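Undergrad: Place chain B on chain A using the hints.
Residues per chain, in single letters:
Number of protein chains: 2
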Amino acid sequence: MTLVPAADPAAARASFRAGLAVPSSGWAPGHTQANLVVLPRDWAWDMLLFGQRNPQPVPLLDVTDAGSYRTVLAPDADLRTDLPRYRVWRDGELVDEPTDVADLWTDDLVAFLIGCSFSFETALLDAGVPVRNIEQGRNVSMYRTNRECRPAGRLSGPLVVSMRPVPGHLVATAVQVTARMPAVHGAPVHVGSPAALGIADLARPDFGDPVESAAGDVPVFWACGVTPQAALMASRPPFAITHAPGHMFVTDVPDAVYRQP
Amino acid sequence: MTLVPAADPAAARASFRAGLAVPSSGWAPGHTQANLVVLPRDWAWDMLLFGQRNPQPVPLLDVTDAGSYRTVLAPDADLRTDLPRYRVWRDGELVDEPTDVADLWTDDLVAFLIGCSFSFETALLDAGVPVRNIEQGRNVSMYRTNRECRPAGRLSGPLVVSMRPVPGHLVATAVQVTARMPAVHGAPVHVGSPAALGIADLARPDFGDPVESAAGDVPVFWACGVTPQAALMASRPPFAITHAPGHMFVTDVPDAVYRQP
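Residue numbers (the UniProt record's numbering), protein chains in the order written: chain A, 1 to 261; chain B, 1 to 261.
Derived by calculation from the structure, the hints in this document are not laboratory data.
Among the hints, a few may not be true.
So, partial list: chain B residues that the calculated Cβ filter (under 10 Å) puts toward chain A [claimed, not checked]: (1) L48; (2) G51; (3) V72; (4) R150; (5) A152; (6) G153; (7) A179.
These numbers come from a predicted model, not from an experiment.
We put the CB at the ideal spot given by N, CA and C, even for glycine.
If we strip away everything but chain A, and leave its shape as in the complex, we get (with noise of 0.2 Å):
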């Protein structure tokens, strides 16, 4: 039997709750798709001010009140099991990537949902930019730079960038396409030099896939919602949830909502 992806959100996160654990890229077109943060109501503050001051890497669509698994975002959804795979952190440390965080959810929890760039990859393939990932089949290449994070309170690291290899003449149209989706990660942070972000070797990313470029194509940097886990890594928490990369949550929000005029 083939796997047809859902073209609901709702059916998505029930497929989800069922237990299917794959990568939710292809999953109802159309809809944004979060990265997940959960951490417990004494690090909050931390997360929620790291955000205020990293617009671009950590774009916040939605926080939880304190122990609620349920967000504006898709008022139906089920934080605790609606995710195809979570990640479990300990100190810092990954330590479990269940399919479901039901029995590790305590009233003390805050969740935060982070913009996530598939939405703006959908935009880019719509003004006819090649999304070389998608082409290849692969979870985009993303890269630990030599930029830091504006730190808050406990919470610094570095930023975390995604790359795609665009070609030349159509740079231009892919920084305005971004540009005008600040709530997923907006313009590029840096066109062209990976030397520049202190990436020494675009073949060897830091998370994800490596991608290949075509002749012509430029690599382009995105700031990137795996920063937040590069800064659990760093800061090392207690305790912390987030989704599993590329098993992202499904929100009913058309992805239209977050392209600006």
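TA: Using the frame of chain A, we list chain B on its own:
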């Protein structure tokens, strides 16, 4: 001797620090001015979340570390002395309007700098849209509405809007110009009908001055930075400091930084 507003932000702040207590409109033109809200650490989570959940009325430009009176928006400034006039609130009641709050500042306080419509008024004028309150030398008209903000912890209250009469053929221009400036309240929240917002009489604003319309003008309503002051009045934290209406914090940041492509 005629008082001439300083063109330079640092010079403007120096005048206010020296005790000059005048509205800041027209000072350091082209530089962003900001609303100020200062709250004890215990209430800072509620305020930060209130801003995250209500970005149109409460666009957060910077949030300080507890105890700090410094901001990235003007590294040389002192938030305790550099505004022309402050308001001091206890249990939601206005108790004082000093020109300096150095003696009230403690290590427990967190300051929130919030975008201000002065920035988009400049952009409207640049685009040929008349701004009646400036023409008439009055503070803008502001109204409590029947729309509730999305609550955050203990903070809740009504959306407050500012109203500017705009000639009918320029409403589209006004929408486009302000939509590009989400950090200073962005696009209008309503055009045309005061009654739809629960506003009984445009001639009797809740804050600011009445502003007269010209023939053919349409009332246009924008989310307003007085919204957090209304929330303080409704939610009654034990202590708060804000700017006095019209007596804003002058930053070093050019308005253009907050204009999107």
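Undergrad: Next, verify each hint and record whether it holds.
TA: Status of the hints after comparison with the structure:
1. L48: holds (5 Å)
2. G51: holds (8 Å)
3. V72: holds (8 Å)
4. R150: Holds, about 8 Å.
5. A152: holds (8 Å)
6. G153: Holds - the Cβ of G153 (chain B) comes within 10 Å of chain A, reaching about 8 Å at its closest.
7. A179: holds (5 Å)
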